[in-house]
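Student: Listed below, chain by chain, are the residues.
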Amino acid sequence: MKIFSESHKTVFVVDHCPYMAESCRQHVEFDMLVKNRTQGIIPLAPISKSLWTCSVESSMEYCRIMYDIFPFKKLVNFIVSDSGAHVLNSWTQEDQNLQELMAALAAVGPPNPRADPECCSILHGLVAAVETLCKITEYQHEARTLLMENAERVGNRGRIICITNAKSDSHVRMLEDCVQETIHEHNKLAANSDHLMQIQKCELVLIHTYPVGEDSLVSDRSKKELSPVLTSEVHSVRAGRHLATKLNILVQQHFDLASTTITNIPMKEEQHANTSANYDVELLHHKDAHVDFLKSGDSHLGGGSREGSFKETITLKWCTPRTNNIVFSSISELHYCTGAYRISPVDVNSRPSSCLTNFLLNGRSVLLEQPRKSGSKVISHMLSSHGGEIFLHVLSSSRSILEDPPSISEGCGGRVTDYRITVVPLASVIVKESLTEEDVLNCQKTIYNLVDMERKNDPLPISTVGTRGKGPKRDEQYRIMWNELETLVRAHINNSEKHQRVLECLMACRSKPPEEEERKKRGRKREDKEDKSEKAVKDYEQEKSWQDSERLKGILERGKEELAEAEIIKDSPDSPEPPNKKPLVEMDETPQVEKSKGPVSLLSLWSNRINTANSRKHQEFAGRLNSVNNRAELYQHLKEENGMETTENGKASRQ
Amino acid sequence: PESLCRRTVSGDGHGEALSNMDDYDKTCLESALVGVCNIVQQEWGGAIPCQVVLVTDGCLGIGRGSLRHSLATQNQRSESNRFPLPFPFPSKLYIMCMANLEELQSTDSLECLERLIDLNNGEGQIFTIDGPLCLKNVQSMFGKLIDLAYTPFHAVLKCGHLTADVQVFPRPEPFVVDEEIDPIPKVINTDLEIVGFIDIADISSPPVLSRHLVLPIALNKEGDEVGTGITDDNEDENSANQIAGKIPNFCVLLHGSLKVEGMVAIVQLGPEWHGMLYSQADSKKKSNLMMSLFEPGPEPLPWLGKMAQLGPISDAKENPYGEDDNKSPFPLQPKNKRSYAQNVTVWIKPSGLQTDVQKILRNARKLPEKTQTFYKELNRLRKAALAFGFLDLLKGVADMLERECTLLPETAHPDAAFQLTHAAQQLKLASTGTSEYAAYDQNITPLHTDFSGSSTERI
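Residue numbers (the numbering used here), protein chains in the order written: chain A, 575 to 1229; chain B, -4 to 454.
Next comes chain A alone, as it looks inside the complex:
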């Protein structure tokens, strides 16, 4: 791929001389009388476009397609030529859009048929085109600055598309000579300039256009090298829709585009809302979206385009999307996509095209199926919009080389299910000779963390490698841990006063107030909301966990399907469901509990830390502390006084 190929810079030079005001002699009926009102009324006479109008709208269509598919790095400079050259825009990215060009063209207006033809010439425009090709674009400038001593690698090539009405083949020859000479001169100028670049390669595309029904005075000529810098081709085209078709073919050639026809798109009829018919929509995009067809020579897939413009189109079949695509996109869909290419509809304003594009712009994705002779179903592409831009995604449909890989649970660490933050920071920091304030803070945090874990009766992340049976009881584990930690910290207290502070913190935490002991015991019964995510990392048997998460997946999948089915019924194509980002939460109570058994995420580990830190800053509300499922039982003491259920907990909270 080359960023600075000929298609980086395109100069349109459109003839604005008096003869371009001539009619193209192709009539357009614009007064289509509606039924019931036609009696006695004669429709208005059809009108016809001028050569100028045909040229301008065809070049605008060229630009429309180009900007849709390459909104960046493919630039157009528009020049109109009469008694002088009018450059309508610059290479800057801000100038690169249809609105700017349309406004500038409106300011120029149609050619004046009464102007003096002797003063007017397309040559002014061609000279200006060469001049403008020497001007550096912001992308070229950026690349040159970035490459520094290799700045000469940045190429300067371009294309001039000239739409004119030539008098003869020798007139055409004269135009070509003029361009060649001008390039020669301007390259000399550019050689001595910092903000101009020499033209390395210029493709001149001369389009001679003439009214329908007239004989062409100019013959077609395919691309020919006029000099090492300049190639030229001549197209002799009737005006009207023929010119538009020609420019459509050219934009495809110039930007390596290909065509895909989406077939079988179900759509409600405008007149009869109850019936639905199937439509086809033709899209253009970079040809790499067909890479699999091109290489395997599978071009039999497509027929000719409906325009009869000799270009090939590949037909892909619409697969009506399942509604869960959007609802569950946050958990399910990550397609293996080997390319995504912007599209542009060939017939942008037609009803089928706008129905399709609006559907996609509303956030839906559509899978596309490759029709195969064998009848097997192969999904090869996906249409999807991202922020107001529609992309054709290429999905991998050939065999994967990663077939049947071992599951992660079978590999390193696969048997371990209890992944959590440990005392690592403290252990690695305390051995240092000197500590920073931050180090001390980190150590204190670690200690608080351990206190907190003990309070909640979390299991310690002790490696069970090589141990048999259940090992020491949890209380015992904590006692051993605190002892070891104290020994470790004590071993380093002589290093500095800061080491001493860590020990002080540790000792303060070890001598827990009796209340702490009580809370610890209560903690076992609590299952409040705060705790749920923390629950995720604790209290489950190692060997169970992976099966659990698979079971969870099953449950989720089932829930998903149920929900999806409900969606299908109430869904209508015009009112897509807003993406439901977290459907898991509202689904069911049971998966909630199951969910907590899955491996915990880094995110929740981190938020737990933050929550714990915050919770230390204030006294927790007693009711929440004692709550079960976020519900606190009121008047517990009454029960006890009635002698029903005298628990240690109750007493503790009253004393």
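It should be emphasised that the hints constitute simulated quantities derived from the structure, not laboratory data. Backbone N, C-alpha and C define an ideal beta-carbon position, used for all residues, glycine too. There's no promise every hint is true.
[As the list claims (entries may be wrong)] Listed next, the stretches of chain B that the computed footprint assigns to chain A, with coverage defined by at least 3 CB atoms under 8 Å from CB atoms of chain A:
| id | stretch |
| --- | --- |
| 1 | 145 to 151 |
| 2 | 246 to 260 |
| 3 | 323 to 331 |
| 4 | 340 to 348 |
| 5 | 378 to 389 |
Based on the hints, put chain B in the right spot on chain A.
Tutor: Frame of chain A; chain B shown alone:
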């Protein structure tokens, strides 16, 4: 005139042998390459890189079908019998010669084989035997191929303090962004640093260059691979793999977290080069940590914007996902809308023009209720006609509106006639093309009328 030589050609989909061709009694390298070409395309398509290993004794055949003959005629092919090189898929052609360099140089064999590599766009290499032809030397030649083409890619996956040694499979291929301004192929780092996490819905099926399994590996102190932790049933319970399975590994933590949260991790592969790590489950309920590579560049996915500008939620003034996690800052909206999203005017087909005129007419008949839409459509047509220099159309539509005015039923609101006449007049003025009335940015505004009072005010 036949040469009897045994030749086996095997294509290779990154380590998986494709096929072993039958032995023939005549060397015909071209048809062998055509065969490889077909098999690979049928099986793997055109996008998966393949290593093709050609084992030959260096004899190139005789007469028609010999490599010399093939090369001599390769420029005179039709589309149907195209020369198989370059392969129509990313490939490396490794030619293993069962002969030493001197033997090959004594004829033009080496030259011909080098031509093959050249034809494959230089992708590949020729291996010859050092010294006499014997098993040991052949093994050493293949050893070199293994070192070159089949060395596993080892990397360290990092996320803050957490790290894991991993093997990335298949080996990530070097990538050339722009052959002209940056011709040096980019190679991914062996330190793979996780720089952030993002919802699957936000990253939204991004296009990737390639995709790879990320397998945690256990290394001993010398850095040699001890095992992948994968156990065979008949293995000793305390084998290295068994132990590795029980040592916590960051990959397992990461994989589980991504899976549960429905997120991917963004990983830095090199300067301005990123990829994503995610959990992928195959149909058999097995799940794996995978890595996909994005195209190098500051903005590989337009809907995420510049990678350098992504940051943690906590950096934002307000949580971009909302307090209830009910919105998302992605996808980013492009500055300019695409043509299909902005109601552009295209009159290349008569139907396009007719539809736009009809819209005006339909609204004209519902004046004054549809005054706003009527003028909106009218101005849209006016703008396009001015840009295209299609002034005759403005005149035509003006005539049409005047006619509509004469056709108004008796019951019509008096405002309808005023608006139609006003609009027709303005269009006619614009159709003169004089700058005063034909300014692109100027819209025709509704005539201000007031029918509420007893006296009708006419302007």
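Student: Hint by hint, say whether it matches the structure.
Tutor: Okay, the hints, checked on the actual structure:
no.: 1; hint: 145 to 151; in the structure: violated (count 0)
no.: 2; hint: 246 to 260; in the structure: holds (count 14)
no.: 3; hint: 323 to 331; in the structure: holds (count 7)
no.: 4; hint: 340 to 348; in the structure: holds (count 9)
no.: 5; hint: 378 to 389; in the structure: holds (count 10)
Hint 1 from the earlier list is the only one contradicted by this structure; the remaining hints agree with it.
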